[in-house]
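> Join the two chains, each given in its own frame, into one complex according to the hints.
Heads up: the sequence lines are chains A and B, in that order. According to the numbering used here, the first sequence is numbered sequentially starting from 1. According to the numbering used here, the second sequence is numbered sequentially starting from 303.
Derived from the structure by calculation, the hints contain no laboratory data. Please note that the accuracy of each hint is not assured.
Claimed, not checked - For the chain A half of the interface with chain B, some residues (derived, Cβ under 8 Å), not all of them:
#1 THR5
#2 GLN8
#3 ARG19
#4 ARG162
#5 THR188
Even glycine gets a Cβ: it sits at the ideal position worked out from N, Cα and C.
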Amino acid sequence: MSAITHLQYLESEAIYVLRETAAQFQKPALLFSGGKDSIVMAWLARKAFYPARMPFKLLHVDTGHNFPEAMTYRDWFVQEIGAQLVVGSVQKSIDDGRVQEEKGPYASRNKLQTVTLLDTIEEHQFDACLGGGRRDEEKARAKERFFSHRDEFGQWDPKNQRPELWNIFNGRKHFGEHFRVFPLSNWTEMDIWQYIRQENIPLPSLYFSHKRKIIERHGQLLDTETGFIPLLDEEKPQVKEMIIRFRTVGDATCTGAVTSTASTIDEIVAEVAAARQTERGTRADDKRSETAMEDRKKEGYF
Amino acid sequence: MDVLVNPTESSLLRFTTAGSVDDGKSTLIGRLLYDSKSIFEDQLLAVEESSKRRGDAHVNLALLTDGLRAEREQGITIDVAYRYFATPRRKFIIADTPGHIQYTRNMVTGASTADLAIILVDARLGVIEQTMRHTYLASLLRISQIVLAVNKMDLVDFDEDTYHKIVADYMKFANGLDYTPNIRPIPISALNGDNVVEKSENTEWYDGPSLLQHLETVQVHAETAADKARFPVQWVIRPISDADDAKLGNLHDYRGFAGRMASGTFHVGDEVSVLPSGMKTRITGIHTFAGEQKTAIPQLSYSITVADEIDTSRGGMIVKAAEPVHTEHEFDAMICWFADKKTLKPRGRFHLRHTTNEVRAVVTDVLYKVNISTLEKSQESQEFSLNDIGCIRLRTSSPIFFDAYAENRTTGSFILVDEQTNNTVAAGMILKPVADGFDESSEISI
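Just chain B, with the same shape it has in the complex (with noise of 0.2 Å):
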């Protein structure tokens, strides 16, 4: 296989791999980088030294990113790891996550950032609790591709009927969600490597692309014109050396607010809201190192200019006029919680990190919590501990600018930091605001 990605043409898929301890996820990972010659020689030695001296009986392809001490000690995965491979059509970074006690939280953190979920199955076990709670996670996340990988299907004999079986069990489960990612199910051996770079001569039954065919050419940025143009202001570039004024002409009055296009587009002369205060004005110019831009599109980088003097700083956001967005200070969202030492309950208190904005936030309801293996909603308990996910409001200090994380992952996300320890102790996803009137003033105006 040629190595060489197009650096013109070649565009990026972030993904995660989710399974069971068993189900045969390093080897499915180890088969992909190797395949793709992103395993070095030098990398593979050190690994069978240390496999030798472990006394493994096969070449531990985990050994490769389980770089920790600790990990290697132990045998286990501690922490999400990630993995670089790439194909002359696309490059990839794998989120590939433990699955030991940790899990959830692991699965969560690989998620945020993933394009595409792997989940692995069985072939001789099926659709199993894990493969479920796998599911829900992805879903839960928004995870907009999932693909199905049967594995093992050389230890059912490539059996067709037990492959569309497997197949339409996930189905039904997944059909039953909140929101059904795009499924593709592939049937493979990770071992073998059927399905996985070519296509199989044992699943002649199986009319799909292998999964790298996949992977190489499913569409994940499905941006499309509908998508609500979000600016989020990460800092106002202002430059004030007399020397480069000389060299770029008279930047005195140059004030640009630098940030990353979350979603939409912008052009020159569009008209916009700024937030916090919400007061309208025209985009002026759209800059970058490279040169005046006449479009910003989503996840590249600027500094954005307009055309009235505006009070906005780091926290503040850029939208279309006719695109408001949600100026609440009180809302609902599911949250994953990550302490294990400490727990949440109704009126703790935290910092509330969204967009480039931080704020004071309040527990004021524990609305549910979500069995993650029966995926039902109970209100029996209204404590958040290690792993636990469900629905919370929360009031903030001041008001965030959102939408719902259902139809914008970047705006719709926040994380909780613990006051105390600063650690990052829970990650949220904004359902809706909380819609009683709270407070009359918080809807912007159009």
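If we strip away everything but chain A, and leave its shape as in the complex, we get (with noise of 0.2 Å):
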């Protein structure tokens, strides 16, 4: 007997995850950005559950400063899976005082996004949350298990973990807690773009090639077209328009671009190839400091 390719085992994997979750769980949501792993994760969703409809909600937190063009695509998509949508909006957490705005040219909302998260869950009574994380993407993440518990401050703790063995999975959990399910565990980035060619899954356009206006910030190339990125004096005369495409899809003010001409999945496959940066070298979130995914994640963050 033949083995099977790769390809085969991450995604039968990823169904199996899937299914456990919908099994294990009284209400599990699916975490869905607009982003290439939450769009492969859906569409995993729909083939694990077909002919039936997958029996979760797509949940998004909103920070109001998305990329039209993910918002378009967004609800696209889930008419075309035909999903159910929920958004939880950092906007309204900033209205209800919830959560306070960081001031100045480096604000973001994506450390804000954690409380909206937490509050979303608890408002709708989630129980598990299907995240698109993968391993290989960032140090702590590599620590992640597929369940992964939450306590009921939606607090991970990563040095007291339970072990996961074979494909057994244990979402046991006291009242109030909850978990954070990743099926895209053991996929890479590379991976998840031949599965994209393979399946022919369509995709915003962000992720191709394509003119913008953009200014340089610490070696990053950030959109100002959006408008979401406050700019200093002295950095307006130096937007200039460039020829790059999104390598990582998120909130517009932390998303930086890279100088591409690639323009269809197969020029992506091969300049993702040969790329010599992690994708996440792109994300201005991961490099306020040696551990900002790990202190984020503690506080109950994606």
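What follows is the structure, encoded as structure tokens:
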């Protein structure tokens, strides 16, 4: 018997984890940002329960600082796969006084999302949230379990995690606790792109090469077209049009672009194969300190 | 090296690495990652900066995945780290298990999903107690392939006799185990790269493959026609939307058993038994999103429909009618105990999780414990504390559907969950049912 391919293995493993999540929890939700990882995860969820609809709602934590292309895509995709969408709004958290907006040119709502996420989880009584995080993307994420326990404050205790053996996932919890589940744990960036190519999954146009007015700040190429990034006076003359694409898509204030002419999936796969920087190298949110991701995750971040 | 995996041909190999603290494990993994271009410039830069700040003499590759603040502060690895690399022939997942106090727990965890184990030996020291301990655990977890990597060959002048003596010592030990995996010895120097990716000119007397050549070509998923068909049911798919009926046809009668084929194969038309009732029926459809399949093969996920209305749901199992599964509620199992604040004793009660099933379980007897240094069995103590390994007898609240772990790693494995904390406190491998006729109705008839 011939062995299955690595993409078949990863797909089947993710489907297994998605079905375990549906079976072990009362009210799971699937975190959906419009980024490629959550798109692949939602795609797999549709496969896992076909011909029935997926038994999860999609949950988008909306910072209000979105690329319009990502929003257009989100609304189209939700319709396409026949899912229901719940939106948690960071703007509303700010208006309600739950969080305070950061100030200055480096202000980002990235960190504020945690409060909105945890409030939304509580409001809707979600007891598991499926995330598109991968172990290869960041060193704190490398220590994540498939089934990752969160205490009643939404906190992650990385030093005290349940061992995960074989394919037996332990989702038992006390009232008020919840889980984050990561079906794509074993995927790499390359696997995601090869799968997108194999499945012919449509993506937001941001991932493909296009012209954009960009400001270079500390080696990062940041968008100036959405207007969410306040420019310093001395930066204003430095804005220039460049041929770029986004390697990750998140909040517009912390997602950096890469110069690229890759305009098809094949060209992107070739570019990713030759890349000498990690994809999160473009993310300002990870650069705040050496353990920025772990610190945010402990508080309840994605 | 070309790093682009060919997605239509490349398979996956999961392996684990084991070695004592100074055996060069980090160096070896660092070299595999570096030579396969799986370390990125910004990662390397960050690690170089951290190493400098910490005052390390060399770039400390362990910092690549020792990502947690506590790990970086204390310079230790707390947890199993999973690392990924690929060559054009294969994708690899490494479970890198740290060699500190939690060693046994971590190695058992890493080994549970591994097809192959690399066991590192320092050529100057040869086979030591740790080597035997690692090999015992790999054997206990039924890893079918071992690479004995005799490292630091440069420090013994690539001496052929030294290498052969170590291999002979190791084989003598390994052949005495209950289960001896296939063993591939390779002389290497992780530091200099000898026989890691390319064959080395320093070991002309060695005619085997380099480590990477071996990893790229070794056969691990050696499923045979004799493997019994096992399909644990995860979830029942019942479409109920009229809107979907319009698109997909009438689905009111669709009742698909969703799961992942654990072993063996099913074909449409096969006669099967459906547990827990054991009633017989036929497979009418093997469904996936991509369309109807004629065959279900191991490791892939499906939704299966059968001819008759049979009551089963999560925790049930579909097996070939001619290949019955043990259906029992008392059995003997090897366990490894994971909890550091609690112990396991006779009469201890747990939730037992096995395939997609969960039942209550009570420890009816402790048969023996294994001294992991001498591998001797002992009945002196009835109590398991952290990292203890031994054999216990369990009785469950209702029968579970299992095979011996030696025959099937999926249907033979389980975990024990603490009833108060919900923590996973033990890994279990089933040896055999208790064949004293405790419950005569528990064998399914065929």
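> State the violated hints by number, sorted upward, taking the hints as numbered earlier in the document.
none
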